[in-house]
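J.: Line order of the protein sequences matches chains L and U.
Counting from 1, one number per residue, gives the positions in the first sequence under the numbering used here.
Counting from 1, one number per residue, gives the positions in the second sequence under the numbering used here.
For the record, the hints were derived by calculation from the structure and aren't laboratory data.
Hints are supplied without guarantee of correctness; some may be wrong.
Because identical chains cannot be distinguished in the list, a pair is counted as satisfied if it fits within a single copy or across any two copies.
Stated by the list, open to error - Below, computed lysine to aspartate or glutamate pairings styled on DMTMM-like, alpha-carbon distance capped at 20 Å:
#1 Lys209 / Asp75
#2 Lys59 / Glu49
#3 Lys209 / Glu332
#4 Lys145 / Asp62
#5 Lys142 / Asp87
Number of protein chains: 2
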Amino acid sequence: MTQASIITIGDELLIGQVIDTNSAWMAQELNRSGIRVVRRVAVGDVWDEIWAALDEEQKQADIILITGGLGPTADDITKPLLCKYFDGSMIIDEAAKQNVLDIFTKLNRPIIERNLKQAEVPDVCTVLQNKRGTAPGMLFHKNEKVFISLPGVPHEMQGLMETEVIPFLLTQFRFPAIIHKTLLTAGVGESFLAELISNFETALPAHIKLAYLPNYGMVRLRLSATGLNADALESEIGQQFENLKSIVADHLVTDMDEPMQNVLGKLLTAKGKTVCTAESCTGGYIAHLLTSIPGSSAFFDGGVISYSYRAKEDLLRVDKSTLESVGAVSEEIVLQMARGALKNLGSGYVIAVSGIMGPGGGMPGKPAGTVWIAVGNNNKIQAHQLHFRFDRMRNIQLTAVNALNLLRKFILAEI
Amino acid sequence: MTQASIITIGDELLIGQVIDTNSAWMAQELNRSGIRVVRRVAVGDVWDEIWAALDEEQKQADIILITGGLGPTADDITKPLLCKYFDGSMIIDEAAKQNVLDIFTKLNRPIIERNLKQAEVPDVCTVLQNKRGTAPGMLFHKNEKVFISLPGVPHEMQGLMETEVIPFLLTQFRFPAIIHKTLLTAGVGESFLAELISNFETALPAHIKLAYLPNYGMVRLRLSATGLNADALESEIGQQFENLKSIVADHLVTDMDEPMQNVLGKLLTAKGKTVCTAESCTGGYIAHLLTSIPGSSAFFDGGVISYSYRAKEDLLRVDKSTLESVGAVSEEIVLQMARGALKNLGSGYVIAVSGIMGPGGGMPGKPAGTVWIAVGNNNKIQAHQLHFRFDRMRNIQLTAVNALNLLRKFILAEI
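For reference, chain L alone in the conformation it holds in the complex (with noise of 0.2 Å):
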């Protein structure tokens, strides 16, 4: 089977200072396309060590794709190391120069002599034009194994594996097919999930894969099958998939691998309805995920952030008695937030929480990790109490998905 490997080049990776995000997104069109990745590999600028990977990632993948290092600045030695290893010399690429000269101008951006060098490939590579920016992408062979050379910003890189790569692999290799398909179960753990499919587990063929992927309180199952016929692979997975819904029934949040917000989306567009937010403790948090979603307007109208007292009393009609007897963080704020969001944003259903993320903040009897939430619509409320023990961040994305869960599920209950 055809095999890949990523390295991706930067100092910047290896002591922490940015999360590697090109990686993940490669390995999935890369899969996508029945390519399979082996090995994923990050370095520093420098030039001994990426040698050093050059020589050993292709001695287990057929295809090298390597992202970073290709900037217009001094720390960037990618290219010139590239020209070494293959063995070529330097020449301007023409086509590579008027796209450099056209962004320039597009921008009315003054040119200078390091942005040209841009245009700057070695002879020996196939130039890999770059619509989106002024660095191209290069492909080399060597040794019957194919390298190629991407910039590391992101959307660079998406766009020219989109329009050079992956159809370009598709060419020259015949690939098996790659099937994954993903669940979403809430509100049990891992161990537990585990007794529950031990049965069915033992039993997959060993083309099958079964992985558990726990994110954010939720485990994700996934099946993950490999063969040469595309069509009976396909027939067989699907009956396991089925399989594994039926076991898990009770748990499934979704059989499609898709986040939360995306699953209350549908089922709100499904009825016909909107939902608005009344957020403290989460700042927005839960309207951002609702709002990531293209076309969101259709099923959200909007939401307040009550992070003041005063936001609280004037925007979502909380009263201030209230708020001074029992303080922000209870229920019968929680509830007020939801019935005043409703009024003001006059929306189907409503997601209101008030609780204290940290790492200050906390009181006696209300530690920091204590949440308030208050999903429903104009008929009925339900407020929960919660309670996290982990960072600010953790605390507010686990809030976050736990709301959204919590109105999925009154909806599910009334119908």
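Fit chain U to the given chain L structure using the hints.
T.: Okay, now just chain U, sitting in the frame of chain L:
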């Protein structure tokens, strides 16, 4: 110099289903302690590939850190593999077993055999007790190298790194000092900066490196110095950093490694003023960035997310006839949103945005990526039109960061 390599294990990393945030976090912690990370490798849940990675990484590194693959389910093969790799036999660790029992007692969940298996460890390892979960860390020695296996759940791995791994490594090795200093610029590109600081860069001594880290239309510049005398190094890099700051002064946002929202938060805190937000297209993301900072209630009052016309009218006092005549994505509306938020929330400053984040929603004269941003206070509000051309999520992020930066510049211009 002592070098470390990080191996992350899990098929989900190679099909791109999850983004590896663990490696970045670990690299940051190791660097802070003077341990240089030379490579990061991700491999799947495949026996031979994990084995090969262990063989390979010890050639280049003195310390090999391994995360993932320690869960209680059948796809987690790391523990038996390590047991074999280091010629051990599996035994129950009594402290780890007590930890599992304690966790289940606290959660009030029934314990199953599979959970207790988490307390099994190879008899050739030193057990690192995991106070945040059931999978213990394991420390092995072989060929004068140190191998440390940690669970893949981020907050469990982080707890073990902080309380066990780093303190242990500091007793075993003598590390040179590594000092990083990072500043953030906005408003100019990487090539422009490279020209501006080219003389400075050329004159840097060999043990101080400069890196360019472009991010959301801003560029971070990082100086990294390595040496044996931490005090001398601190003084030397401090001097170079001051030079660099003065060269890029016109474009400098902050001389710390911190995001834009922290810079704005500090500025507001220093002035004793608060901000509120009125967000349409960013859907709460600006408020989320601001409230991701602990203690943000000191400078953030709250905001309105006005997706629907009704939300704009009822919560932000936007005029219905203006909405109907010029449309929501316009200078007039974003100014009205800003004024309405200031009035309703009583803040010192405001940020308002209205735009089209795509992929759909574009119209003649207002393509997807068009956005209006207003920033100001009760005396003056400025509106700016910007255009982005990326995917929805990136357009949202760029809009948010630019909006925060516009308010930062507005406040600085006042002084």
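J.: Could you run down the list of hints and mark each one as holding or not?
T.: Okay, the hints, checked on the actual structure:
no. : hint            : in the structure
1   : Lys209 / Asp75  : between (42 Å within a copy, 8 Å between copies)
2   : Lys59 / Glu49   : both (16 Å within a copy, 12 Å between copies)
3   : Lys209 / Glu332 : neither (48 Å within a copy, 57 Å between copies)
4   : Lys145 / Asp62  : within (5 Å within a copy, 31 Å between copies)
5   : Lys142 / Asp87  : within (10 Å within a copy, 39 Å between copies)
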